[in-house]
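Take these sequences, add in the hints, and give me the full structure.
Listed in order, the protein sequences are those of chains A and B.
Residue numbers in the first sequence follow full-length UniProt numbering, run continuously in steps of one, and reach 322 at the last position.
Residue numbers in the second sequence follow full-length UniProt numbering, run continuously in steps of one, and reach 503 at the last position.
Worth flagging that the hints you see were computed from the coordinates, not collected in a lab.
Computed, partial: chain B to chain A, Cβ under 10 Å: (1) P175; (2) L178; (3) W180; (4) S443; (5) S474; (6) Y477.
Since the model is a prediction, treat every value here as computed from it, not as a measurement.
Where is the CB? At the ideal position from N, CA and C, for every residue including glycine.
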Amino acid sequence: MSEQELGVVLEKVGLLEQEIGRAMIGQKQVIRDATIALLAGGHVLVEGVPGLGKTLLVRSLAAAIGGAFNRVQFTPDLMPSDISGHIMFDMKSDSFRVRKGPVFCNFLLADEINRAPAKAQSALLEVMQEQQVTIEGQSFQLKLPFLVLATQNPIEQEGTYPLPQAQLDRFLVKVFIDYPSQEEEHMMVQQVTGGAVGDKLDVSAVNEVLQPEEIENLQAYTARLEMDEQIVAYAVRIARATREWSGIENGSGPRGSISLLRAARANAVLEGRKFVTPDDVKQVALPVLRHRVKLTADLEIEGYQPDDVLSDILQNVDAPRQ
Amino acid sequence: MEIGSLQIALRKRGHWEAIDLGFTLARRWFMPLWQLWFMTALPLGLLALLLAGGEVWILLLALWWFKPFYEPPLLFWMSRAVFGEPLTRKDVARQWWRIVRPQLFANLTWRRFSPNRSFNMPVALLEGLRRKARSSRISILGQGQHAATWLTFVGLILETILETSMILVLYFLIPEELRWIDVEMLVFAEGRVGEWLQVPVTLIAMSVIAPFYVAGGFALYLHRRSELEGWDIEINFRRTAERLKQGKQRASGVTALVLVAALASFSVPDFSMAAEVITPEKSKQVVEEVLQDETFGRYEQHGYWKYVGEEDRGDEADTEGLLEWLELLFDIIGGFFKEYAAVGEVVLWGLAVLVVVFLIYKIVGNRDWFLDMLQGDGRGRRSRQVPLELFGLDIRPDTLPKDIAAEASLLVRDGRIRSALSLLYRGALVRLVQDHHLEIPASATEGECLELVRMNRDEDEVEYFTQLTSRWLSMAYAHVTPGRDDVEMLCNRWRMVYGHVQG
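Structure, rendered in structure tokens:
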């Protein structure tokens, strides 16, 4: 991709958030975090009660990029093959043929991921990590870009299978999706009910601004973005501080620092900069680290959230020295 | 003061028992003693706070050093209370200078390190003895008195334990998840809250220990005088005489009265005056007079066997040699210290002069602050600890050139663009922190500083600082050197935005 073409694509990135915002009213931070994950080639774990627009977010993203969108509702009886696909005997051709599962898409919504047992969860997590699917010993590469947006409901914990720490680590960011403000909800209700039958999600207002191939180029560009040694050291300092901080039982591993830098690069691209600053690291620190730390039991009992402790850490870790 | 009105029961006691008696007195009169201690310590502590100019270690040292100021009022009050004449705090306050002044300079300098301070204090304060009279009195009173040294030593340790405990208790009362600092940093890190926490904690620890320390020393002193001068015997005889006076056996009481009269001649009638120093010859004469009485006129002879032959010296020879050698060694060491005592005095004088010079230097150094205080404009101007470094940039005003913009322009002409930008950015931060009192934490990124400027400063400054930050970020993190003209422009505008040249 030439410099000029890249310039055009970078301009379009600016439009991406704007286009998603046409369908999804409010939730700017959620849109920003999902876009960061997209550019950094990571995946998003969304936590929020049902009915806040998680599906709409993924569908809008797919519409703005022109990619394929699929959704899997995770249930206790879900099998790995229901996600990845399986081999079936075709009576017509008298042979076995591969029936690809919903994972073969660009944007996958794994709804209520914690409702399925570990076997089904780990099938998806393998796909997320390797970006390939193995069916009956045969490997299939997924079409890129590939982004998983998994959701979990924080209030109904009965009969769920919480994701283990090691699996949570595979998500680049964890986003909290909260109720919209009064004005946002008003606009949303108006938009959804305006001449529509039922409450079907409408993404027709979203224009396609980028092609999946352009996203691939953008991801490559993001990965090569200029980063000073001091920024790397800053990210490492933050990640290491989570391991030594009072109130945190298990801190973030090295994958936390790596993810911080990946997300910081994507943030810099979205800010229209060609280099990463300490602010980029600080801005992405909460979504990148909040699911990688485990608070001590007493803090959890007292109702503290990882964000409270991480904010303390960010206030105490010195900014880079130049 | 009448010895008969003593509020304590005098009898033969061990040293430790005497100290225990002192502790009982301190417990009984703790509140008045504690208040008297604060009456002196608080004003002096505040004065030290002003003079220390924010240096906590100086403040703590001063609080400790001034102990000879706080203790005499306690002793004075106790010396009256023990004879059943407790004074009011107002009385003590009125006489404060008269109580504290005697030999104050000596108490604050070479005598400050005397481990027998609590025991020697009554000699100067209550008996009013000076120089040779004081030394000879102390040498008589102090014979075999090691308990006072131990009292100081144990008091010092208890004070330290109390202080540390209080800091730790306060620290452990902070819920674990809200602790922003570990114990080590709390106690040892400079400029932290722990350092300032030490001041009230030290003050409280000293105030709690002081009444016990002074009372312990005073009780030792009383005990020693009663031992030397037979106060307990006198009191008992007086009581016997009183009883006999009222009783029927007058005849047998005559002897006792005679004895009382004889003993009273070497007792101390007035406590506030110097006790009469009885020479050994005179006391021998008095004792002989008393012993001539029939009551004591009986001699007994006892016989016993004693081996007078040659002793087997075999193994003992070596031990004796060792003992002799040790004796010689101690003589040499003792002689050495004796020789150097004069040198030590000179060193102490030198130290005292240095302390005075240092105090004057600090006062001169902080004259602006004092002037602000006098003009009533000192409200919190320096109450806040301003950061000395941000992002590794030294932002102390004295590390910057007087004309920052001119210096930066010079650097640009030399082709040192990075240094010029760094200087401009550093200069802007110094102005924001020192002149505009912006709170910029060490964890603040350049973007957060910009946000602070946006919230607190006017449009022109925001616009300039945005440009400066943007160039600085590109230089620092993208390694993109901005054009000379661009930086020259920033230098010129720096002068307009951040104004005056520092003189």
